[in-house]
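Given only the sequences and the hints, what does the whole structure look like? Please build it.
Everything in the sequence shown is counted per the numbering used here, starting at 26 for the first residue and increasing by one.
To be clear, the hints were calculated from the coordinates, so they are not data collected in a lab.
Owing to the predicted nature of the structure, the values given are computational and were not obtained by experimental measurement.
Please note: incorrect hints may appear among the correct ones.
Distance ranges between label pairs, derived from CB positions [stated by the list, open to error]: (1) 40 <-> 116: 37 to 43 angstroms; (2) 60 <-> 112: 34 to 40 angstroms; (3) 85 <-> 156: 40 to 46 angstroms.
Every residue gets a Cβ at the ideal spot worked out from N, C-alpha and C, and that includes glycine.
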Amino acid sequence: MTIDARFSIVRANFTLAVDVHVAPGETLAVLGPNGAGKTTLLRALAGLAPITSGSIGLDGTVLDDPDRSVFVPAEKRPVGFVFQDYLLFPNMTVIENVAFGLRARGTDSDTARARANELLEWVGLSEHAEKKPGQISGGQAQRVALARAMAVSPRLLLLDEPLAALDVTTRRSVRSDLSRLLGAVDSARILVTHDPRDARVLSDRMIIIENGRIVQSGTFDTIAADPATPYVHELLGDLS
Numbered sequence: 026m027t028i029d030a031r032f033s034i035v036r037a038n039f040t041l042a043v044d045v046h047v048a049p050g051e052t053l054a055v056l057g058p059n060g061a062g063k064t065t066l067l068r069a070l071a072g073l074a075p076i077t078s079g080s081i082g083l084d085g086t087v088l089d090d091p092d093r094s095v096f097v098p099a100e101k102r103p104v105g106f107v108f109q110d111y112l113l114f115p116n117m118t119v120i121e122n123v124a125f126g127l128r129a130r131g132t133d134s135d136t137a138r139a140r141a142n143e144l145l146e147w148v149g150l151s152e153h154a155e156k157k158p159g160q161i162s163g164g165q166a167q168r169v170a171l172a173r174a175m176a177v178s179p180r181l182l183l184l185d186e187p188l189a190a191l192d193v194t195t196r197r198s199v200r201s202d203l204s205r206l207l208g209a210v211d212s213a214r215i216l217v218t219h220d221p222r223d224a225r226v227l228s229d230r231m232i233i234i235e236n237g238r239i240v241q242s243g244t245f246d247t248i249a250a251d252p253a254t255p256y257v258h259e260l261l262g263d264l265s
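Right under this line is the structure:
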């Protein structure tokens, strides 16, 4: 479940060039200003944005390598993705949302529903299984999105600003819940966030991207003790 990614994505007015390695059971936080390339990194790992050069490998299996004409499409990658706005289907119940990925991959209804029930119990939402997304809170929706991402037993879990849609008070409690849940996940995990508090609580290591480049990497404490750029200093200054 180790992710090894060294690649670049070249667009008309922007280039992302990164070297990322995450071990099984490890959470890497990715921070940076708007437009730095954080979400583009996640999209590339998920197979939603083909890379220009380099390679992406997971457990020794190549997922993307333009020079070798290798590209595994998103639906065939063992990757779970928790999107910033959760993207739950409003017309489906909570349990149907969680089971969706399995059903899309051909799992029969009974098996998919049983797995979804297990995951709803894991995130503490079994009693909400038959509700629609509009009938649950933002914090509960975040946990449904996590359960849905985990339903396909991903070897890599990607989370794009999973707490950004929550108010400050809710965010604090959900951050604690998410830390507990992620601690029970064996997959490699990559978390994009604007909030250094998320990185401090949820990650083992962090990288900071500016203008498509990694400017600093390490633990929260080591980076906060010696910020490499003015942006990093401003970002972490009040928390160091």
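Which numbered hints are broken by the structure, listed smallest first? The structure conflicts with hint 2 only, although it agrees with all the remaining ones.
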